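Undergrad: Chain by chain, the residues:
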Amino acid sequence: MQKRVVVDPITRIEGHLRIEAKTSEQGAIEAAYSSGTMVRGIEIILKGRDPRDAWAFAQRICGVCTLVHGIASVRSVEDALKYKIPKNAQLIRNLMIAAQYVHDHVMHFYHLHALDWVDVVSALKADPKATSELAQSISSWPMSSPGYFADVQKKVKTFVEQGQLGIFANGYWGHPEYKLPPEANLMAVAHYLEALAWQRDVVKIHAIFGGKNPHPNFLVGGAPAPISTSPTGAAGGSAATATNIVTLLEVGSIIAKMKAFVEQVYIPDTLAIASFYKDWFKRGEGVGNFMTYGDFPEKGMDDPSSWLIPSGVILGRDLKRIEPVDLNDPAHVQEFVSHSWYDYTGGKDKGLHPYAGETAFAYDGPKPPFDQLDVDKGYTWLKAPRWKGNVVEVGPLARVLMLYAKGHKPTQDIANYALKKLDLPIEAMFSTLGRTAARTLETKIIADQMQAWLDNLIANIKGGDVTVHNPERWDPSTWPKEAKGVGFMEAPRGALAHWIVIKNGKIDNYQAVVPSTWNAGPRDPKGQPGPYEAALMDRHTLAKADQPLEIQRTIHSFDPCIACAVHVTDPHGEELVRIKVR
Amino acid sequence: MNEPATLGEALSRRGISRRAFLKYSAYLASVMALPASASQAIAQGLAKARRQSVIWLSFQECTGCTESITRSSSPTLEDLIFDLISLDYHHTLMSVSGDAAEHAREAAMKENKGKYIVVVDGSVPLKDDGIYSTIAGITNLQMLKDTVKDAAAVVAVGSCAAFGGIPHARPNPTGAASITDIVKDKPVINIPGCPPIPEAMTGTLAYILSFGKLPELDHLARPKAFFGETIHDRCYRRPFYDKGLFAESFDDEGARKGYCLYKVGCKGPIAYNACATLKWNHGTSFPIQSGHGCLGCSEPHFWDQGGFYKPLAAHAGVSAPLIGAAAVAGAAAGGAAAWIARRHQQRYLAETEAIDRSVGKDKG
Numbered sequence: 002m003q004k005r006v007v008v009d010p011i012t013r014i015e016g017h018l019r020i021e022a023k024t025s026e027q028g029a030i031e032a033a034y035s036s037g038t039m040v041r042g043i044e045i046i047l048k049g050r051d052p053r054d055a056w057a058f059a060q061r062i063c064g065v066c067t068l069v070h071g072i073a074s075v076r077s078v079e080d081a082l083k084y085k086i087p088k089n090a091q092l093i094r095n096l097m098i099a100a101q102y103v104h105d106h107v108m109h110f111y112h113l114h115a116l117d118w119v120d121v122v123s124a125l126k127a128d129p130k131a132t133s134e135l136a137q138s139i140s141s142w143p144m145s146s147p148g149y150f151a152d153v154q155k156k157v158k159t160f161v162e163q164g165q166l167g168i169f170a171n172g173y174w175g176h177p178e179y180k181l182p183p184e185a186n187l188m189a190v191a192h193y194l195e196a197l198a199w200q201r202d203v204v205k206i207h208a209i210f211g212g213k214n215p216h217p218n219f220l221v222g223g224a225p226a227p228i229s230t231s232p233t234g235a236a237g238g239s240a241a242t243a244t245n246i247v248t249l250l251e252v253g254s255i256i257a258k259m260k261a262f263v264e265q266v267y268i269p270d271t272l273a274i275a276s277f278y279k280d281w282f283k284r285g286e287g288v289g290n291f292m293t294y295g296d297f298p299e300k301g302m303d304d305p306s307s308w309l310i311p312s313g314v315i316l317g318r319d320l321k322r323i324e325p326v327d328l329n330d331p332a333h334v335q336e337f338v339s340h341s342w343y344d345y346t347g348g349k350d351k352g353l354h355p356y357a358g359e360t361a362f363a364y365d366g367p368k369p370p371f372d373q374l375d376v377d378k379g380y381t382w383l384k385a386p387r388w389k390g391n392v393v394e395v396g397p398l399a400r401v402l403m404l405y406a407k408g409h410k411p412t413q414d415i416a417n418y419a420l421k422k423l424d425l426p427i428e429a430m431f432s433t434l435g436r437t438a439a440r441t442l443e444t445k446i447i448a449d450q451m452q453a454w455l456d457n458l459i460a461n462i463k464g465g466d467v468t469v470h471n472p473e474r475w476d477p478s479t480w481p482k483e484a485k486g487v488g489f490m491e492a493p494r495g496a497l498a499h500w501i502v503i504k505n506g507k508i509d510n511y512q513a514v515v516p517s518t519w520n521a522g523p524r525d526p527k528g529q530p531g532p533y534e535a536a537l538m539d540r541h542t543l544a545k546a547d548q549p550l551e552i553q554r555t556i557h558s559f560d561p562c563i564a565c566a567v568h569v570t571d572p573h574g575e576e577l578v579r580i581k582v583r
Numbered sequence: 002m003n004e005p006a007t008l009g010e011a012l013s014r015r016g017i018s019r020r021a022f023l024k025y026s027a028y029l030a031s032v033m034a035l036p037a038s039a040s041q042a043i044a045q046g047l048a049k050a051r052r053q054s055v056i057w058l059s060f061q062e063c064t065g066c067t068e069s070i071t072r073s074s075s076p077t078l079e080d081l082i083f084d085l086i087s088l089d090y091h092h093t094l095m096s097v098s099g100d101a102a103e104h105a106r107e108a109a110m111k112e113n114k115g116k117y118i119v120v121v122d123g124s125v126p127l128k129d130d131g132i133y134s135t136i137a138g139i140t141n142l143q144m145l146k147d148t149v150k151d152a153a154a155v156v157a158v159g160s161c162a163a164f165g166g167i168p169h170a171r172p173n174p175t176g177a178a179s180i181t182d183i184v185k186d187k188p189v190i191n192i193p194g195c196p197p198i199p200e201a202m203t204g205t206l207a208y209i210l211s212f213g214k215l216p217e218l219d220h221l222a223r224p225k226a227f228f229g230e231t232i233h234d235r236c237y238r239r240p241f242y243d244k245g246l247f248a249e250s251f252d253d254e255g256a257r258k259g260y261c262l263y264k265v266g267c268k269g270p271i272a273y274n275a276c277a278t279l280k281w282n283h284g285t286s287f288p289i290q291s292g293h294g295c296l297g298c299s300e301p302h303f304w305d306q307g308g309f310y311k312p313l314a315a316h317a318g319v320s321a322p323l324i325g326a327a328a329v330a331g332a333a334a335g336g337a338a339a340w341i342a343r344r345h346q347q348r349y350l351a352e353t354e355a356i357d358r359s360v361g362k363d364k365g
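In order, the protein sequence lines correspond to chains A and B.
Per my numbering, the first sequence starts with residue 2, numbered consecutively.
Per my numbering, the second sequence starts with residue 2, numbered consecutively.
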């Protein structure tokens, strides 16, 4: 077997991901393999439980995009039971999902992705005064004085001189692929620290409506957060519940802070950093097919015309033709396991729709400890989902392209503005940095909607409508004996859906097909590589094989979430879970 | 490179005043309910230390515990990693991947032999030789054993590392085990929660750095400062419980008035955690304040306790008249509730052990 470059663990992601790459003598990647190396079996655990409890289990699929599985789960139960939720609950969910986007995308950029482009050690050489001039030339953000950057630099210098580099140890500092001038590096390091502090305020929106973050609470049939109707006589507080006029005003001020950071820090930084790495707008896309399910309803999930993000599929980079997606059609979404550590009763080459999905652990990988995977067999705990047999990419790039293709004016305006600033054509979006830039742009598109949702919520309350939960279908005695439904959403990382089958008030089958499974999945029976794999095979050459910075850049541009991506269902009962260990 | 400075020197070099530092120490002492004199000791302890090497291992987890620690308001994560600890290995935050990452872990173990702290989030799958989770080609069990061998102490953060958590929920498909199931020869602290309150994690770490010893722990190895009382005992809605005023369903008139959530499934009476006092996200709220009952996520095997919306009475042996009695007996019922809560916990643990035994059988 030819020796491959192995990167395991891939760090600065959620979860456990391994990449193996076959390279030429010059370091060009000829074949790449993406492997999820951890499984828990949450869908097996969900079987037989109360569907109203499912959101809490499903939410623990991931603590980074912490609310998305909770939302998809309650929507799946509501779809199955034809359960309408109140207007206010819809607005609260929109606000919570939007807060998740802004939080997730900013943290991804600064804390998970930035160090692929930013050389922390180089920041020590920066001139604080020149850094201040740079910062002020691209933004009106007030934290930009020479003294401020001198303080940040001193903090980093002291840290480095202490000799304990901690999370920055063994960094690829000085790698020839780092192209930013010292001043841009220092500015980015300052914003890395600012973003850590800023995000603590953003998540207060989740704490107000959901009681805590990470893992805020949800409720089938609406929102759990009743709007306070009285001061609490009992404990002497100013309001009986966390949702009240004072906290709703606080939500408004948090939205203002979010927008300010996105407009004055995140967007200018993205454009400034990207301008030094324009060659990364020419590689790293790979597949050319994109899919969205749609989200952010003005009215309800059953009224697609009111969604902010539309649904559809773009094939072969053709923005003129949008194919419709039907999550209930067995021919649309199918999952394959020919290169995964699972078995199907009908054979490993078949594709199964999630309602009929089945999974049995069938590990045929090497016995640990191992150096290399056998990629001719199974090589991951991820399945390979396909849309009508096509590999599709999901996520911010898919959404921005879909909005752009469908003529959404704010998207076209901001995308054209960014491309003009960088002097790039629209085709540049089909790339590693196109994906990263799309994430930044959609953050503004979504943040800009939030104040209107909050205004509507406050207007409803002032008009006397304080309802956040519909009790009609709460009691299982009101449910049909059998029901099935699909709950979908646009998670920050892309299109997400949960399929549920309910029998006699209990979960009979539960299946989640998540964004990182679409993107990080392995080859299918036809040998088509998944989006990560195809992206790495798109014009990547490693300057230094022992410092795989180029692999990190493209993988991180997808914002991997691997705990999400690995999931397991077994519709026929646990006795079918077979284990084969060589 | 200069000789590593002590923390006191480092802080004064960074221009952090002694006054600010003492203020922080006093805050920490108050969060952990320590006597006033302790703040001086914390300040001295922290000022002496070279940054403590911490190796953070992530196994069967969702990264919620890491996300949570980034929300800590005091000390903040930045305070921790720049001033108090040297976070030498942490998948989500470290800059390098692959071999370079593993070398950082090995170097930290060598340089700080016998002195480093291992923090673990996530459970460890034991079934089928551990194939259900590998990092760098080795099993989680092996990485845990190798790393813990020369550690001073182990801190299991989150309910998965502390008690097995969601991977351990029935039918435990991967044979997930907690850290205390595996590590028997080192001190282990459990900081459960799904996720834990961030200040419970940062506060416990700061305590160990300050005093060079573990804080006082309960019978489940949880720091008593954060897990000494039930949420019910400290809940702002407790007076409604004592008066017999309950939300009968979600979003009813009682719910909007902030009545007790006992009847819609709140597990506050059997959950030992600090949510009602410290609250979440810089004191913004906590689950009950936002209208949803407590899930009891700091307790062993809370996933398998019969449903989040079933009132405790329905499955944990509280008879309905007791609630009526609480309404009549007023304050006296408070003591009774606490007694009931403790009794529940014992039942809970007995059940838990039974689950563990059954899982233990199919290990290996």
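Honestly, the hints are just simulated from the structure, not real lab data.
Incorrect hints may have been included.
[Said to hold, decoys possible] In silico contact screen, one side only, chain B against chain A (beta carbon under 7 Å); selected entries: (1) A170; (2) T175; (3) W281; (4) G284; (5) S286; (6) P288.
[To be verified] DSS-like, lysine-lysine: derived pairs with alpha carbons at most 27 Å apart: (7) K88(A) x K445(A); (8) K311(B) x K507(A); (9) K311(B) x K482(A); (10) K214(B) x K264(B); (11) K378(A) x K128(B); (12) K264(B) x K507(A); (13) K485(A) x K279(A); (14) K485(A) x K128(B); (15) K311(B) x K368(A); (16) K83(A) x K410(A); (17) K180(A) x K300(A).
Here the structure is a predicted model, which is why all the values come from computation and not from measurement.
For every residue, glycine included, the Cβ atom is placed at its ideal position computed from N, Cα and C.
Undergrad: Does each hint hold? Answer for all of them.
TA: Now for the hints, and whether the structure bears them out:
1. A170: holds (5 Å)
2. T175: holds (6 Å)
3. W281: Nearest chain A Cβ about 4 Å off; hint holds.
4. G284: violated (9 Å)
5. S286: Holds. Min distance 4 Å.
6. P288: holds (3 Å)
7. K88(A) x K445(A): holds (24 Å)
8. K311(B) x K507(A): Cα-Cα ~15 Å, so holds.
9. K311(B) x K482(A): holds (21 Å)
10. K214(B) x K264(B): Not OK: K214(B) and K264(B) at ~42 Å, beyond 27 Å, violated.
11. K378(A) x K128(B): holds (22 Å)
12. K264(B) x K507(A): holds (21 Å)
13. K485(A) x K279(A): violated (48 Å)
14. K485(A) x K128(B): Violated. K485(A) to K128(B) sits at ~33 Å, over the 27 Å cutoff.
15. K311(B) x K368(A): The hint is violated at about 44 Å.
16. K83(A) x K410(A): The hint is violated at about 34 Å.
17. K180(A) x K300(A): violated (47 Å)
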